[in-house]
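Residue numbers (our numbering), protein chains in the order written: chain A, 1 to 282; chain D, 1 to 328; chain F, 1 to 557.
Be a bit skeptical, because a hint or two may be false.
[Stated by the list, open to error] Residues of chain F clear of chain D, computed beta-carbon distances all greater than 12 angstroms:
| hint | residue |
| --- | --- |
| 1 | Gln99 |
| 2 | Glu100 |
| 3 | Gln114 |
| 4 | Asp181 |
| 5 | Leu414 |
[Said to hold, decoys possible] Taking beta-carbon pairs under 7 angstroms as the criterion, some of the chain A residues facing chain F (in silico):
| hint | residue |
| --- | --- |
| 6 | Ser140 |
| 7 | Ile143 |
| 8 | Gly182 |
| 9 | Ala190 |
| 10 | His192 |
| 11 | Cys197 |
| 12 | Ser200 |
[Unchecked claim] Ranges between beta-carbon positions, derived for each pair:
| hint | chain 1 | residue 1 | chain 2 | residue 2 | range |
| --- | --- | --- | --- | --- | --- |
| 13 | D | Ser173 | F | Val300 | 56 to 62 angstroms |
| 14 | D | Ser134 | F | Arg298 | 41 to 47 angstroms |
| 15 | D | Leu100 | A | Val255 | 46 to 52 angstroms |
| 16 | D | Arg238 | F | Arg70 | 46 to 52 angstroms |
| 17 | A | Ala115 | F | His63 | 43 to 49 angstroms |
| 18 | A | Ser140 | D | Arg9 | 30 to 36 angstroms |
| 19 | F | Ser29 | A | Arg187 | 56 to 62 angstroms |
| 20 | F | Ala527 | D | Arg243 | 39 to 45 angstroms |
| 21 | F | Arg281 | D | Arg9 | 50 to 56 angstroms |
| 22 | D | Arg238 | A | Leu186 | 53 to 59 angstroms |
| 23 | A | Phe47 | D | Ser134 | 47 to 53 angstroms |
| 24 | D | Arg243 | F | His424 | 51 to 57 angstroms |
| 25 | F | Arg421 | A | Ala115 | 41 to 47 angstroms |
| 26 | D | Arg9 | F | His424 | 28 to 34 angstroms |
I should point out that these hints are in silico values taken from the structure, not numbers from a laboratory. Glycine included, every Cβ here is placed at the ideal spot set by N, Cα and C.
The chain contents come next:
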Amino acid sequence: MSAKADVLAFCQRYARNRAALVALGVLVAIVVVAIAGPHLLRQGGPFELAGPPFQPPFGRFALGTDMLGRDELVGLVYGARTSLVIGLVATLFATLLGVLLGGIAGYYGGGADEALMRLTEIFQTIPSFLFAILVVAILSPSIESVIIAIAVVSWPPMARLVRGEFRSLADREFVQACVSMGMSDLRVIALHILPNCLSSIIVTGSLLVATAILTESALSFLGLSDPNVMSWGFMVGAARDFLQRAWWLCAIPGVAILVTVLAINLVGDGLNDALNPRLRHL
Amino acid sequence: MQVARGRARYIGRRLVQAVPTILVIVTLNFLLVHLAPGNAADVLAGEAGSATPQYMAYLRHQFGLDQPLYVQYLDYLKNVVTLELGYSFREGMAVRDLILQRLGPTLLLMGTTIVLSIGVGILLGLVAAGRPNSLRDNAISTFALVAYATPLFWVGLMFILLFSIELRWLPTSGMTNIAAFYTGWRKVGDVARHLVLPALTLSLFYMALYVRLMRSSMLEQSGMDYVVTARSKGLTERAITWRHVLRNACLPVVTMAGVQVGNLLGGSVVVETVFGWPGIGLLAFRALFARDLNLLLGIFFVAACLVIAVNIIVDVIYSVLDPRIRLR
Amino acid sequence: MSETILDIERLSVDLPRWADRPQAVIDVSLALRRNEILCVVGESGSGKSVMARAIMGLLPAPHLRASAGRVLLDGEDLLQADAARLRAIRCRRISMIFQEPMTALNPVKTLSAQIDEVLAVHTDLPRRERTDRIAAMLESVRLSDARHLMRAYPHEISGGQRQRAMIAMALILEPSVLIADEPTTALDVTTQAGILALIRDVQRSRHMGVVFITHDFGVVAEIADRVAVMQHGRLVEFGEAAQVLNAPSHPYTQALIAAIPGLAPMNRPANGSAPLVLTVRALEKTFRASGRRGGRDRVVRALKSVELTIRRGETLGVVGESGSGKSTLARCIVRLVHADNGSVVVRDVDWMRLSRRQLRAHRRYVQIVFQDPFGSLDPRCSVGRLIAEGPIVCGVPQADALARAYSLLELVGLERRAADRYPHEFSGGQRQRIGIARALALDPAILVADEPVSALDVSVQAQVLRLLADIRDRFNLAMLFITHDLRVAAQVCDRIAVMRDGEIVEHGETARVYADPQHAYTRALLAAVPGRHWQASAVRTVAAGSASAFIEHHGAP
Numbered sequence: 001m002s003a004k005a006d007v008l009a010f011c012q013r014y015a016r017n018r019a020a021l022v023a024l025g026v027l028v029a030i031v032v033v034a035i036a037g038p039h040l041l042r043q044g045g046p047f048e049l050a051g052p053p054f055q056p057p058f059g060r061f062a063l064g065t066d067m068l069g070r071d072e073l074v075g076l077v078y079g080a081r082t083s084l085v086i087g088l089v090a091t092l093f094a095t096l097l098g099v100l101l102g103g104i105a106g107y108y109g110g111g112a113d114e115a116l117m118r119l120t121e122i123f124q125t126i127p128s129f130l131f132a133i134l135v136v137a138i139l140s141p142s143i144e145s146v147i148i149a150i151a152v153v154s155w156p157p158m159a160r161l162v163r164g165e166f167r168s169l170a171d172r173e174f175v176q177a178c179v180s181m182g183m184s185d186l187r188v189i190a191l192h193i194l195p196n197c198l199s200s201i202i203v204t205g206s207l208l209v210a211t212a213i214l215t216e217s218a219l220s221f222l223g224l225s226d227p228n229v230m231s232w233g234f235m236v237g238a239a240r241d242f243l244q245r246a247w248w249l250c251a252i253p254g255v256a257i258l259v260t261v262l263a264i265n266l267v268g269d270g271l272n273d274a275l276n277p278r279l280r281h282l
Numbered sequence: 001m002q003v004a005r006g007r008a009r010y011i012g013r014r015l016v017q018a019v020p021t022i023l024v025i026v027t028l029n030f031l032l033v034h035l036a037p038g039n040a041a042d043v044l045a046g047e048a049g050s051a052t053p054q055y056m057a058y059l060r061h062q063f064g065l066d067q068p069l070y071v072q073y074l075d076y077l078k079n080v081v082t083l084e085l086g087y088s089f090r091e092g093m094a095v096r097d098l099i100l101q102r103l104g105p106t107l108l109l110m111g112t113t114i115v116l117s118i119g120v121g122i123l124l125g126l127v128a129a130g131r132p133n134s135l136r137d138n139a140i141s142t143f144a145l146v147a148y149a150t151p152l153f154w155v156g157l158m159f160i161l162l163f164s165i166e167l168r169w170l171p172t173s174g175m176t177n178i179a180a181f182y183t184g185w186r187k188v189g190d191v192a193r194h195l196v197l198p199a200l201t202l203s204l205f206y207m208a209l210y211v212r213l214m215r216s217s218m219l220e221q222s223g224m225d226y227v228v229t230a231r232s233k234g235l236t237e238r239a240i241t242w243r244h245v246l247r248n249a250c251l252p253v254v255t256m257a258g259v260q261v262g263n264l265l266g267g268s269v270v271v272e273t274v275f276g277w278p279g280i281g282l283l284a285f286r287a288l289f290a291r292d293l294n295l296l297l298g299i300f301f302v303a304a305c306l307v308i309a310v311n312i313i314v315d316v317i318y319s320v321l322d323p324r325i326r327l328r
Numbered sequence: 001m002s003e004t005i006l007d008i009e010r011l012s013v014d015l016p017r018w019a020d021r022p023q024a025v026i027d028v029s030l031a032l033r034r035n036e037i038l039c040v041v042g043e044s045g046s047g048k049s050v051m052a053r054a055i056m057g058l059l060p061a062p063h064l065r066a067s068a069g070r071v072l073l074d075g076e077d078l079l080q081a082d083a084a085r086l087r088a089i090r091c092r093r094i095s096m097i098f099q100e101p102m103t104a105l106n107p108v109k110t111l112s113a114q115i116d117e118v119l120a121v122h123t124d125l126p127r128r129e130r131t132d133r134i135a136a137m138l139e140s141v142r143l144s145d146a147r148h149l150m151r152a153y154p155h156e157i158s159g160g161q162r163q164r165a166m167i168a169m170a171l172i173l174e175p176s177v178l179i180a181d182e183p184t185t186a187l188d189v190t191t192q193a194g195i196l197a198l199i200r201d202v203q204r205s206r207h208m209g210v211v212f213i214t215h216d217f218g219v220v221a222e223i224a225d226r227v228a229v230m231q232h233g234r235l236v237e238f239g240e241a242a243q244v245l246n247a248p249s250h251p252y253t254q255a256l257i258a259a260i261p262g263l264a265p266m267n268r269p270a271n272g273s274a275p276l277v278l279t280v281r282a283l284e285k286t287f288r289a290s291g292r293r294g295g296r297d298r299v300v301r302a303l304k305s306v307e308l309t310i311r312r313g314e315t316l317g318v319v320g321e322s323g324s325g326k327s328t329l330a331r332c333i334v335r336l337v338h339a340d341n342g343s344v345v346v347r348d349v350d351w352m353r354l355s356r357r358q359l360r361a362h363r364r365y366v367q368i369v370f371q372d373p374f375g376s377l378d379p380r381c382s383v384g385r386l387i388a389e390g391p392i393v394c395g396v397p398q399a400d401a402l403a404r405a406y407s408l409l410e411l412v413g414l415e416r417r418a419a420d421r422y423p424h425e426f427s428g429g430q431r432q433r434i435g436i437a438r439a440l441a442l443d444p445a446i447l448v449a450d451e452p453v454s455a456l457d458v459s460v461q462a463q464v465l466r467l468l469a470d471i472r473d474r475f476n477l478a479m480l481f482i483t484h485d486l487r488v489a490a491q492v493c494d495r496i497a498v499m500r501d502g503e504i505v506e507h508g509e510t511a512r513v514y515a516d517p518q519h520a521y522t523r524a525l526l527a528a529v530p531g532r533h534w535q536a537s538a539v540r541t542v543a544a545g546s547a548s549a550f551i552e553h554h555g556a557p
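If we strip away everything but chain A, and leave its shape as in the complex, we get:
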């Protein structure tokens, strides 16, 4: 009964943040475009040569055509799908892995904790973007390899967060009370520790999605995207040599990335404020 009241209170708190509300609307719109857009457009797909190249926007084509004559608007819509799918799936994997490893290390401490710390230190030392490039290059660029590469470099921050939360919660007296009552570790973790750090995980997850989208766009800018899939970064990279002649080809997809990532960041901030209400009277 109180769960419903909790959810209502949370929504009210979230709605108080005007920017986060707007950002949520923008994000929903982007998701809708990504899901429904390809069905509503002409059947050709983003790689179809729809018309003469270098058509400026606001003409026959809403956003113009690129250097080969591909429709920019169509490319943008399909690119939304790519970015969101890769961002979400990679983050999901990274989160699952991070929560698992971080949780074990944080709760049990000792050897598992030491091992995790060493591992995340090594990952912190490896320049993550270079590593992602390497992984994609070796596995040959495809959606799967990009997702794997991003997940592999994203899990350490999540693992460190979860480890920190689990460790501090495991020391809290209410958790110790549960242990002293003879509860199994699984029950303590699932029913008492995890619910209390879920909000941090959600907020960090949302920020990881934003980072994943930025990484994916950088990878595809450098030419490491799936050749069968249109991506915003790829659009900017392909148009790079034509900056002087048709600057909008670089500008527009970049703006799309900017808006999406900004919206996700704002939603993440909004979630943070709504899930951890403090007196914001500064």
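Using the hints, position chains D and F against chain A.
Leaving out everything else, chains D and F in the frame of chain A:
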């Protein structure tokens, strides 16, 4: 003094501790080569197309691909330790020499970026926290929010569009004006002019990060008990901010800067590619294009060593700022 | 009869809109004489700290504002003074010291730098003279090796030394008024005794007026010349110390004093033939903290071969200061922390020999009541679920477990309806009751109480202690009672063990140990209890009747 001796010993110890990490990275390199589908030599030769039989034979010899795996591994280790990082057929030079040649520009870019992003970040964060929720705070916070969401490559291209193409204030790419053979101070000025846009581009994202961090850190420290004590001593608010709060508030920023070094190197790949800056980032991009895995792995290894070195420096700097951390 | 130096006239301080009450301080009038210690006493929420800050102009504006009244320092109204004037006065005419010296000092600056700041801001003295004055001042607060200590950072010295340094910093310009906001609350009892003596000496030698904020009547008895009692923002009583302490007129003061446990142990008939429920032998625990960021490992021997026994129906108190190892002892007995060596025999089973899985079935026999009422209950669970969860895990069907929860809630003095509510809806005292109910749900043989009342106000404390005593008698439980407060221990414990640095230095029947302590440390502990000479028993019997009536009228906490 005793503290300095302690620091020297600490650095020595950290270098020793770094050995296992480097070992893991080298092993990772080795595994990556053999993880790639297809024959390792094929992978290493890449789709360059111009892999002559001699080169293939050389590669096979270097990696001992006809020998058992562990022997290959030990050979590889030995090579890396002696900095024998292989030969890049595409570039026509030994990998080691290639990297050394390009390391300077990257260090210059990274150094400038670190100084710029931390300096401006701390300053703006300080200003923003000075009067929370004021107009200037909102302006700075919004700027940070947007900058944090902006893709590096796009910002670089937009800067080129604006400053190089439209306004013609700054050059579009490269590190120097090759046609003009500047020497001495004119050369420095030339490099500086070329450095502006790449450094600005790379700094933007991290500047945004440090601004947000510094702002929240300042606000957090301002609520601490020692600030009330300082006030009770009769200090002005300005003195309290500059002499008490600032130093404490900088600490998380320094820590974060250390964490971000690896990401910074990754970002330099993109920025150097966009601006044609002749550093190891651009080299990595070219190696990628040419599928020159040998060169890529060499760059990866050197980059990791660089990150380790910078991390040690950052930890030492942190220990200078925070007397609670004593390096022994 | 010295004249008044600090005159507070009808001071009121408003709270911001979102607070639970409109004002923190309501129409308070006090006077501090030139050469006296005035103690302001009250429980949490009484407004005493807010008033102290208001005097110094240190209220966190704009949230808290002094809305009415005057604060006259030598005739000058501080509330009307502008910022520059206030800054000039601070430390020069009036100073303040705070409760927690670790956070009240800047961690990245040396002591001398922080004290020097006071001199640099207010005087024109050259550097060498300033350094000399700092060293002299540090020596006068009895910090040995002052020249060396000056260059230390706050984290490198002990809590008592930090507080002395703060006092030195506050007094270096020889102000006429010192405001001390609970300066000894965070210190160990022996350290506290030293600081109290220091403050009293300093006050006498410099003829200062000191406003000493505290919640501890023992401290009041120790040093006060006059006493002001505050409740809910109002001043309820104000007079000479002897008068207020021994013959208080206001019912609230009477209730507070009645709630303070005396140092005279209560005598219960000892039952030496009851079976042993807990036997601890040779328990050892050493903590190794690996130094991150390049530091060396820190080795702490928390328990050095500790032995004790408890019989059924008996309460054993473990008394010690911070760092004595008493908390570690409790946690090792319950096996929340794994001891390195030794045996813990509960009802003939050695817990140290059991595997984790085997242990789970036995855990129900020893239950804990924790110290922190705010951290010991899962904020996301309803109270009923918190209490019923233990039995459910042990296999009791849900309906029965819930029924037990209801009856336990009534037992501890709460309503059945409380089972549907969440922890944040309850006060600190009520949460401790819930914690006790939870501990009882599994029908344990031994109750371990780890500082169960330390975080509670004194009036609430008495009630929870009474509840614990009731429960112990009703269920014939054995109880292990950890505390640092010797008065509380006298109240509740049949036998007592004194711990220091991981060892039990003395143990025996409470009455005997208090009357005739054998070990030097025990003697020092007993001597350090503030106000031990104060006989409140006369007040207690008189006030007991009116106290319970008062509490009933104003609601149980």
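Which hints, by number, does the structure contradict?
1, 2, 3, 4, 6, 7, 9, 11, 12, 15, 16, 18, 21, 24, 26
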